[in-house]
Amino acid sequence: MLGRTGEAKGAIGAAAGIESPDRLVELLDRQAYLADEGLATAAFLALRMRRPLFLEGEAGVGKTELAKALAALLEAPLIRLQCYEGLDAAQALYDWDFARQLLHLKAAEAAGVTDVGRLEGEIYDRRFLIARPLLKALETGPSVLLVDEIDRADDEFEAFLLEVLSDYTISIPELGTVRATTPPVVVVTSNRTREVHDALKRRCLYHWLEHPGFDREVAILLRRLPDCTETLAAQVARAAARLRGAGLVKPPGVAETLDWTEALLTLGAKELDPDRAAATLGAALKYREDVESVLSRGLLRHE
Amino acid sequence: MSEDAGGPAATGEDAGGLAATMTGFARTLRAAGVGADHERTHALLGALRHLDVTRPADVYWAGRLTLCAGPDDLPRYDRCFQAYFGGRAASRRPAGAVTVTRHTLALGDEAGDDAGEGEQESAPGSASRTELLRHRDVAALTEAERAEVHRMLAMLSAGRAARRSRRFEPAARGRLDQRRTIREALRKGDVARLLRRTHTVRPRGVVLFVDVSGSMAPYAETLLRFAHALVRSEPRATRVYAVGTRLTPITAELRHRDPGTALDAASRAIPDWSGGTRLGEELQEFLGRRHARGDIVVIASDGWERGDPSLLGTQVARLARQAYRVIWVNPHKGYDDYEPLTGGMRAALPYLDDLVAGHSLAAYEDLSERLAHA
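Those sequence lines, one after another, are chains E and L.
Counting with our numbering, you get residues 1 to 303 for the letters of the first sequence.
Counting with our numbering, you get residues 1 to 374 for the letters of the second sequence.
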């Protein structure tokens, strides 16, 4: 009864010896990625159930990083499809190599080949096909497919992504159906600037990622930046929490606090003093209005 | 339900019991407004096969990952989990943070029964009467006259300006159509000519913000009827939000074909009828989670901003940077002596492409033309 979503043969999860979400937390930690219970359970189930993982949350909470960490720990290539408005099938699935097809036709003509059927078979051959990320992910097994920022693509794109994700096949009219031998581990991310269609979400495990709490953020800074002192990490995390509560256009995510701390370390800072903080603020805040508002309200002065 | 026997799912001793327990849980969620449908419940059961059903945390996460579809679902999920499985703090969020109380405030005294029977009242007006009606302020009309204006609003459909879509079609000029060129070369044995293709067009998106605060009350129903006509004519390219003290998306409610039913649904969805306006905060909320890139933004409000006008100014400026056009519809603009003096209006004015009237049928026809030819 539950066979449809049961584990596929040779699931990567089993192969890598991941028997529980806790184990996955350990393995992700080795990749310098600190996952909490919810995210680890989500990723664990994604591996076991062969279901795409749909990660939603504000920019910079570590959605993309998770896909990278998963690829590293599974020792599988990461294949990334960055979405943008206007992304179409030719950019996401496959395209024919027009120039080489033409050359081939010209060469055949010069050699006196006129059999249309034969020519057609020749130019619609696999070697003239350019694999774009989705096709590449099906052909590369095992792999981790990252469909990044799907909310930026038009909703038509969701329709053919759904088609690919529902049975891990792509049909190419001239060539036939390409089927994944080992379905890729799929991570879809969204910043939620647009509501993604429910049909797609239903195919996935849905996880909402929040900014980390103070303790976790300190832990992440220390884990990722070995030179960082505990004092500095705590001060940056506290400042970041203040900035997130300040109603900014773009509150800093973990990615930004990491950048910011790195910038401070580069300047030789052992503590977050207001002058250095102001000088490096551009690493954390990306809008002029935000920088001005933070400086004028004195939000960088800590206790 | 056993609380100490190990966990929530432990009541179901075999798979059948577990399935029944989880199906019941999904039903509870659906009642609370989470779209936990059959397929998702199925996925939950699949997920539990890989986890430890005696661990409450595993059950909590398996359910949350498979049954929820958005951040709005999460507080409801936590509450239902608590209620259904009980006795355990599964959540890190405070449960009950969200109130789902909804008020139904009538759009006018007659809005409720006005739904289907608008026909009876007004005799079909003569051409000149209609013409007069067309220019009169809807706030000053009798019920019968207003009903007639609303009927004409429902028929309003001037079309929608087009923007380039991502799709292509064969064309005499444009980009090289590689696939068709190769096809033809195959058929004819040589590349006789290069075939071309060009983008098709699709309707340009409209995002309409309707101010439902107290000062706009005389115009609210007419505006919503106008919104309904827009949604009906371009359902996929129109988004409507009610704004007052909070931002409420009402596009889905307005999709219904019958204006009365659609308005009823929309009015039930709006929790803050006839309050004040905090347009700045609400546009900020909109911009934080949604965008209006390339769309025509229409703000229908009198600009009586209860919040900080300078915040409204900044947010309209942000909107103007990403939108194709920003049009402000102000009912009072229809009068000759009108000057944009309200705080909100003055803050927003520098960033607007158009400031137009919104008090009469003629004004809405004009607006509709603008959307068709923007």
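Because the hints were derived from the structure by calculation, they are not lab data.
Worth double-checking, as some hints may not be accurate.
Said to hold, decoys possible - Sample of chain L residues facing chain E (criterion: CB under 10 Å; computed from the structure): (1) Gly35; (2) Asp37; (3) Trp61; (4) Arg64; (5) Arg134; (6) Arg136; (7) Asp137; (8) Ser165; (9) Glu169; (10) Leu186; (11) Pro218; (12) Gln284; (13) Leu287; (14) Gly288; (15) Gly294.
Claimed, not checked - Stretch by stretch, here's where chain L covers chain E in the computed footprint (C-beta under 8 Å, at least three residues): (16) 37-43; (17) 113-126; (18) 132-145; (19) 182-194.
Model, not experiment: these values are computed from the prediction.
A virtual CB, placed ideally from N, CA and C, is assigned to each residue, including glycine.
Verification of the hints:
no.	hint	result
1	Gly35	holds, 7 Å
2	Asp37	holds, 8 Å
3	Trp61	holds, 4 Å
4	Arg64	holds, 7 Å
5	Arg134	violated, 38 Å
6	Arg136	violated, 39 Å
7	Asp137	violated, 37 Å
8	Ser165	holds, 9 Å
9	Glu169	violated, 14 Å
10	Leu186	holds, 6 Å
11	Pro218	violated, 33 Å
12	Gln284	holds, 8 Å
13	Leu287	holds, 8 Å
14	Gly288	holds, 8 Å
15	Gly294	holds, 8 Å
16	37-43	holds (count 4)
17	113-126	holds (count 5)
18	132-145	violated (count 0)
19	182-194	holds (count 3)
Of the numbered hints listed earlier, those contradicted by the structure are 5, 6, 7, 9, 11, 18.
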